[in-house]
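Participant: Below, each chain spelled out in residue letters.
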Amino acid sequence: GAGVSQSPSNKVTEKGKDVELRCDPISGHTALYWYRQSLGQGLEFLIYFQGNSAPDKSGLPSDRFSAERTGGSVSTLTIQRTQQEDSAVYLCASSLHGEANTDTQYFGPGTRLTVL
Amino acid sequence: AQSVTQPDIHITVSEGASLELRCNYSYGATPYLFWYVQSPGQGLQLLLKYFSGDTLVQGIKGFEAEFKRSQSSFNLRKPSVHWSDAAEYFCAVGAGYSSASKIIFGSGTRLSIRP
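If you're matching them up, the sequences are chains R and W in order. Each step along the first sequence adds one to the number in our numbering, with nothing skipped, and position 73 is 73. Each step along the second sequence adds one to the number in our numbering, with nothing skipped, and position 103 is 103.
Possibly wrong hints are sitting among the right ones.
Said to hold, decoys possible - Simulated DEER-style distance windows between Cβ atoms:
no. : chain 1 : residue 1 : chain 2 : residue 2 : range
1   : R       : 41        : W       : 14        : 20 to 30 Å
2   : W       : 60        : R       : 116       : 17 to 27 Å
3   : W       : 17        : R       : 16        : 47 to 57 Å
4   : W       : 18        : R       : 52        : 40 to 50 Å
5   : R       : 2         : W       : 40        : 14 to 24 Å
6   : R       : 84        : W       : 17        : 25 to 35 Å
7   : W       : 1         : R       : 97        : 30 to 40 Å
8   : W       : 14        : R       : 63        : 42 to 52 Å
9   : W       : 45        : R       : 28        : 11 to 21 Å
It should be emphasised that the hints constitute simulated quantities derived from the structure, not laboratory data. Using N, Cα and C, we set each Cβ at its ideal position, and we do this for glycine too.
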């Protein structure tokens with residue numbers, strides 16, 4: 001079956017513009033996660049969805065960041081008024097049940113965002 | 001709060017040599033521990049995970065890791081590395097409660113293989 005897919009694979013934008021990043025999880029996976037990976041850094045947790053609700057959005061760095069998930073499937077991460085420090089690879093993962101401490105998370109290839 | 005430390009930023013080993021990547025965690029209760037690998041241009045792939053039981057965990061691609069509570073460590077090992085093992089390796093810890101949704105990742109260790 002298909003794995004987690006993300007689009008676009010690369011996005012270059014100008015400072016101040018809004019961007020939308022898309023994640024298609026594995027079919028049937030109830031949980032979906034967004035992470036950010038900056039150059040030379042580990043993965044930084046952003047937000048977690050269980051179905052369409054987000055019980056943990058503690059990692060969103062500012063109110064410029066938001067995410068939604070519809071139909072228990074596709075998720076969109078939106079960054080408004082992008083800043084240069086938003087440049088990073090944004091990774092999406094999904095898991096079957098949403099018990100992040102036990103479920104295996106399957107990662108997509110990521111979206112590389114560059115803010116000029 | 002839980003945290004993960006990978007003290008080695010970059011390691012180079014010769015093909016066929018043994019490998020050990022270090023990982024230390026901080027967590028008050030029994031941790032849930034993971035090792036992921038990220039190959040260039042690829043997403044992360046789970047190598048192995050530890051929840052309880054046998055402290056020596058076998059994973060894919062010939063990797064294993066040993067949980068040592070006394071040392072707060074979960075080091076990754078492989079007896080003989082292959083050129084295809086060159087990648088970034090991330091250790092991670094998850095909280096032991098069902099309401100905890102996030103896994104905390106270390107900053108990674110980049111592995112290079114010398115021919």
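Participant: Could you run down the list of hints and mark each one as holding or not?
Facilitator: Here is how each hint holds up against the structure:
1. R:41 - W:14: 20 to 30 Å: holds (28 Å)
2. W:60 - R:116: 17 to 27 Å: Given range 17 to 27 Å: violated, Cβ gap about 39 Å.
3. W:17 - R:16: 47 to 57 Å: holds (50 Å)
4. W:18 - R:52: 40 to 50 Å: holds (47 Å)
5. R:2 - W:40: 14 to 24 Å: holds (22 Å)
6. R:84 - W:17: 25 to 35 Å: violated (41 Å)
7. W:1 - R:97: 30 to 40 Å: violated (24 Å)
8. W:14 - R:63: 42 to 52 Å: holds (50 Å)
9. W:45 - R:28: 11 to 21 Å: The hinted range 11 to 21 Å holds for residue 45 (chain W) and residue 28 (chain R), with Cβ atoms some 19 Å apart.
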